[in-house]
Structure formats: C-alpha cells, structure tokens
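K.L.:
Spelled out from the first residue to the last, the chains are:
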Amino acid sequence: MDENNKKTRRKFLDRGLKLGVAGVLGGIGLSKLSAKFAPDDKAPTGETMELMTTDGTIVEIDTSEVMEVEHHHHYSMDYNVREGIPNRKFVMVVDLAKCKNALKCQQSCNKNHYITGDNAWLKVYKMQESADTAPYWLPTMCQHCDKPACVTVCPVDATFKREDGLVLIDNERCIGCRFCMAACPYSTRVFNWGDPGQEVTLNMDMTGVEPTPEYAGRPSLKGTVDKCDFCPHMVKEGELPHCVTACPNGVFYFGDKYEDTVTNGEETLRLSKLLEDKAGYRLLESLGTEPSVYYLPPVDRLVDFEEGMSEFKEFESVEKPSEE
Amino acid sequence: MKKFDDIVSDLAPREFGKTGLAWIGFLVVLVILGIVAYADQVIQGQKVTNMRDYALWGIYISNFVFFVATSFVGSATVAILRLTNNSWRTPLVRIAEIITLACIVMAGITITIDMARPDRVMNLFIHARLQSPITWDIIIIPTFIVISLLMLYFPLLPDFALMKKHFETSKPRLSRWYGRLSLKWTGSSAQKALHSRSIMVLSVLILIAGVMLQTIDAWLFSTTYRTGWDSSAFAPYFISGAFVAGIGALVTVIYIVRRTRKLEEYITEGHFDKMGKLLTLACIIYLYFNINEYVIPFFTAKKGEDAHLESLLTGHYAGLFWFVTLAGLVLPIFLLLFKKGRKPLPMFFIGIVVVIGSWWKRYIIITPTLLEPFMPIQGVPESWRTYFPSAHEWIITIATLAMALLIITLLVRFLPAVPVQRTADEMETKAEASLKKIAS
Ligand code: SF4
Ligand code: SF4
Ligand code: SF4
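Chains as they are written, first to last, in this note's numbering: chain A, -5 to 318; chain B, 115 to 554.
Looking at chain A on its own, in the form it has when it is part of the complex:
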C-alpha cells in the first residue's frame, strides 16, 4: 500500500515537472514568471540533458534551464524567511468558470504537504447562494490577506505577513491558542489536534530536512496550526504551487502583482486585464481583509456543474492511505 502511495506521488511529481518544462519550452508560462531570475530570457537551445530530481526521478531538460536553476538557488539564499522575497507580491487568480471539481489540486496539495488530518488546506466548496441561482464549485485556500486577521490576533507572532504577500506560520513558535483560527473569516486554518503521525501514515522521512515556515506540513507538529503556504518552496525554485500545476483544467493562475502577470502553466496573462475583462472579485471583500486571491465569476461556463458531483464528498477532503 505504501509502495502504491509512493508511486502515485512520483507519477504526479513527474507529470508536474514535465508540465512545467513544457511551459518553458513554449516560451510562456514559467519562463515569464521567472523572468526576474534570468533577465536575459534565453531561448531554448533545443539541446536536452538528463537530470535526476530530488525525488530520484530522471527527467529530460533543456540545457538552457540548467543555468536558471542554479541562479534561483543562489537567489533563494539571501532573503529573510520572515521578510520574504524582495520586490515580489504573489497573487493567485481562480477561474470559477473552468472548475469542475476535479479535486486534483486538493489531492496534490494534500500529498505534497503531507497532510494527515481530516481537513484539507485547499477546499472545493459546492456553492449555491440562493435557490434561484446556479450552483458552482469554489476552490479556496488561504487568501494571504493583506490585512490578515489571523496575524493581528496571534500573540506570539507565530503567524506573520511577509512583504511578498505571503502569510506563513512558524510552527516551532505557535502556542496552539487557535485565536488565529477564530479570527480567519475564510475557515482556512487547520489544527493538529493530536500527533499528525506523518512518519507512520505517510512513511515520511525527515532526516536532513530543515523545517521552515516556507514548507508547511514538513513536518506538521502536534498542537500547532497549519494552512496553505502558497508554496514558496516551489516558487523560489521558479516552479508553480502544487495545486496550480495539478489542475487539469487550468483553473489556478499564480503570479506577481508587481509584474502584473499570472500563469496557470499553460498561458500567461496580464493580471490587471484579466481582472478587468472577467470582472474579477475577492471573497468577502466587505470585511476589508484584502485577500491576495482573486476569483473570476462562473460565467460562460464550458463545464457542466453536475459533472463535479461524482467527485464531491461532503464529509471528506483528505483521502486516508488505508482506504485507497
């Protein structure tokens, strides 16, 4: 069963990486996002080489990519984890018109963040505002609010806001008062009520891993809070968050507000234009939390809402390995 589990994860990573590389080769997507890292936007040489990923998978990569990765690595070293990557402001756009509750995002997030509890960080809600309006699927994660209620109330600065927009948690400092959970209007925070037991259920090996707020869930700690971290561990390597690459329908766009670009791995778009054209909005705007996640309304839908019902589970968001 464990073997099975590993295989699926590997397969996923493999696919995610290929998706990413494909984006680069097309001259769109990732390369745009990482333009900051490699200003002279090299054209792909067409030459490829084989590399082994940290996961042990062999992948084929264009040689022009190799330099860039080294560059990121250097870059990622010289900023303060509590201050964030300088001159960036990360945002996400979720296109509700495309979401059909495939739940690949959730599965990918659960897997890559080693979630063992009963409550996923990324939820896809079945929404219907009133009897007369059409139902739709609403994926939510931490909204990385610019005026985060959770940060205001935390007594020990365990949850903090960075200049690049991210709201992260230092689970080595959290005292488990759950005030942040009471304060968050998006119900996005998840508590480790007992021992997360990742070593046992997920066969997770933590040797040599340096825990950091930039990689939530690795490991999760008993009596502390977890939530979506916007995947800075991926972003600083020039990759997209797990949920973005996992979505088969291109629902999630991730990007930088200062650069005014967002990408879902397939297409890169101007953020401002996208929001304007598609009447983007934010959740519970009236509260004044100023989220970093924008939503495009579920209009002109290409997908059938009913299709998503087969995946819909009212009482489960984290698949238990033993039930696979």
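Source of the hints: derived by calculation from the structure; they are not laboratory data.
Hints may contain errors.
Unchecked claim - No farther apart than 35 Å at their CA atoms in a straight line, the calculated lysine-lysine pairs in the DSBU-like style are these: (1) LYS417(B) <-> LYS267(A); (2) LYS417(B) <-> LYS117(B); (3) LYS155(A) <-> LYS161(B).
Unchecked claim - What the simulated footprint calls covered on chain A by chain B, stretch by stretch (three residues with Cβ under 8 Å from a Cβ of chain B suffice, anywhere in the stretch; the number is not a length): (4) 116 to 124; (5) 143 to 149; (6) 173 to 184; (7) 193 to 199; (8) 253 to 261.
Each residue gets a CB set at the ideal place from its N, CA and C atoms; glycine is no exception.
Fit chain B with the ligands to the supplied structure of chain A, relying on the hints for placement.
P.N.:
Structure of chain B with the ligands alone, referenced to chain A:
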C-alpha cells in the same frame, strides 16, 4: 450590645466540622481527577477534547470567560460599596474579594489549559506582540491577581493582629502566623491613616483594572469577524454580564458562610435585601444589553446573522438560550422585585440559578458562533459540525470549578471572613441605633 471579645470569637476562623472536611475531601478528589485528565490531554494532545477545526474553542474558553466575569465581583462591590462608603458593605466585601482572587487565579489557569502547547508558554513573553488581545490578557490577568491579592490583604492587617492575640494561648503556631502576616500592626493613628489611604488607592486600581479586564475579554471575541461576536457593544455587554455573574456568586457564597458559621447576627436579612436589589439592578442592565444583542439584529439581520439568531431562538441552541435568558435573567428580576424574594433562602437559590445561567451563557456566546462560519462546512467529518464537550473537557472543567471553591473554602477557613475590627468599630460607634438600622 455585644462585647468586643464575643465579636472576635464569633468571627474568628474555626476549624472544619465533619461536613467541612467531607466537602474539602470531595473537592480534592475532583481536582485530582482533573489533573489526571489534563495530564492525559497533554500527552495525547487536544484530540481528547471534542473541539475540532470549526468548534475550535469549547468549554475551556467559555469557562475562562465565566471566571473572568465572576472575578468582577471584587471590583463591583468596591465600586458600589467602598468608594461610596456604604456602611452595609462591611460583612460582604471580604467575601467578595476572596471570590475575586479565587476566580482570577482560576481564569489564568483555565486559559493555559486551553493552550495546546503549554510547553511554549514562555513564548508569550519572549515574542509578545502588543496588537493581540491575548497579550493584553497576559498583562492584565497577573496585574489583576496582584491587585486583588493586595485588596484582600490590606484590609486584613488589623484583623491579623487581632487573630494573633485571640489564638495566642489556644493555638500558638497559628497565632505566630497571624502575627507575621499582620506586619507589626499596632493600630496607631499613623498606621491607620496610611492604611485607609492605601485601601483607597487599591479600590480605585481594582475598579480600573476590573473594567479593563472585562473589556479585553470582550475584545478577544469582537476583534474577529465572526457573526455574533463582531459587535461594538461587546465590552459593555461583558461588563454588565460580569456584574450579574459576580453578584450571583457573592449571594451564594455569603449564604453558605452565614449558615455554616452561624453569622446571622452579622450578615442580616437586611444585607440580603440590599444585595437582592443590587442583583435586580445588574440583571436589568444586562437584560438591556441582551435585547441590544439579540433583538435589534432581528430587524436588520444579514443572512449570516439571521441563521445565527435562528439557531439560538428556535434552533439547536434554543433550549439553552431560553434557559439562560429566562431562568438566569428574567426570572430573578421578577422574583427579586418582591420583598419575600429577597429573603436569604430564596436569594440563595436565585443566586445558584444565576451562576449556572451565567456559566451556560458564556457557552452560548462562544459555541454557536464558531459553528456558523462564513464559508460552508464541507469536506470534514460530519461530527465536526456540532460540539458538545468530551469527558476530558468536563472532568477538567469541573476540576477548575472545584479548585475555585477549594480556594474560597480554605480562605474562609483561615481568614476572618467578616472583617472583625471594622465590625467591632462600627458596632461600638454606632451602638444600638445603628444596630437597629442594620437589622431592619
Ligand atoms: S485567509 Fe485567513 S489565514 Fe489566510 S491570511 Fe486571510 S485571515 Fe489569515
Ligand atoms: S494558534 Fe499559533 S499561530 Fe494561531 S494565533 Fe495562536 S500562536 Fe498564533
Ligand atoms: S498554494 Fe500550495 S499550499 Fe496552497 S493550496 Fe496550493 S498547493 Fe496547497
């Protein structure tokens, strides 16, 4: 008129009788059970509670809020009685201050019980952040403990000196302790002047600190966006609620002390009558804020508030809500309007109902709101949609209540629960005229 020595021996602490010892034993057993349950909670984590990601706070927090509210009795009696120099306060204030001390200490312990990582409690000081209401709690609770300790201790000085003399031959060891605690009190006029000035300063301090404490407590909730907490009137709502809880507790404890120590001569029916009026006043003010909190939104409610109100008025929590409102608030007002209702025994029962009502009131403030978030509750086990405390939570919470009662009992056992010197002085100066007045 009573002789001074009689007064002293009437009011001096007494050893426990059989019931007293049984009572102590009972409380100790409850506390030990609670400690065992808490140890288990620390080992296993809070999964032993029935709190989950939606009902993320439970009875630990509502119990905490209850303790904080009840601790207001010291400030309230001081405000109303000491500062306005009401002479009928004399037999009441000390017990009020004992309740205050016990409750605020237990409030501090209860909030720590709710922390999932008590091993990191030092982070609250190392990484303290001023914008969090919890940090203010961390500042105000110890401050309030210190002030209420002094508020209990200072007026006791003359009594300690008296007790030292009283027990000199019968219990020399106890007498020596009283002597040490009396800090060389002789009763000289210089000492007396300093004494009453310090008590005045403390009275003002405890009033300010008490109001701040209740306000900060209210901000714990109103700094969130939650439906039902997001109210600008939460601080006065909490203060008036604290009045009710505190005076309810005071009536109850005073009745028991009066009966077990046979102090009918000192704590008279007249005292109960006046406390009854005070309690009515407190209940009426609180009722007013309740109307503000529940009836006004009824007319203007947004969708979320509507659901919240519905669950309280007719839904899942309706039973509790109406018990808390009718039995804990409306009925006392009604009963206390009659002179018969303000007699000691009816007052005792009213006091108990008011205290129980106050406890559940805090539960009603916290739980329903948490279970009505803005986003729908989906993708979590069905049991997470409701909350009722687990056995661990009950055992631990009952232990904290038992511990508060234990502290009160022990303080009443070893301290003169009614100020001796003051009572004697008053009786002397006012002689029979005032005696009659108090008794009428
Ligand atoms: S969505 Fe909630 S947890 Fe995330 S930043 Fe906003 S308030 Fe904090
Ligand atoms: S639970 Fe942890 S992160 Fe949340 S407010 Fe408390 S200390 Fe801060
Ligand atoms: S950004 Fe990362 S942590 Fe957040 S939902 Fe997506 S995969 Fe999960």
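K.L.:
List in ascending order the numbers of the hints, as given earlier, that are violated by the structure.
P.N.:
2, 7 and 8
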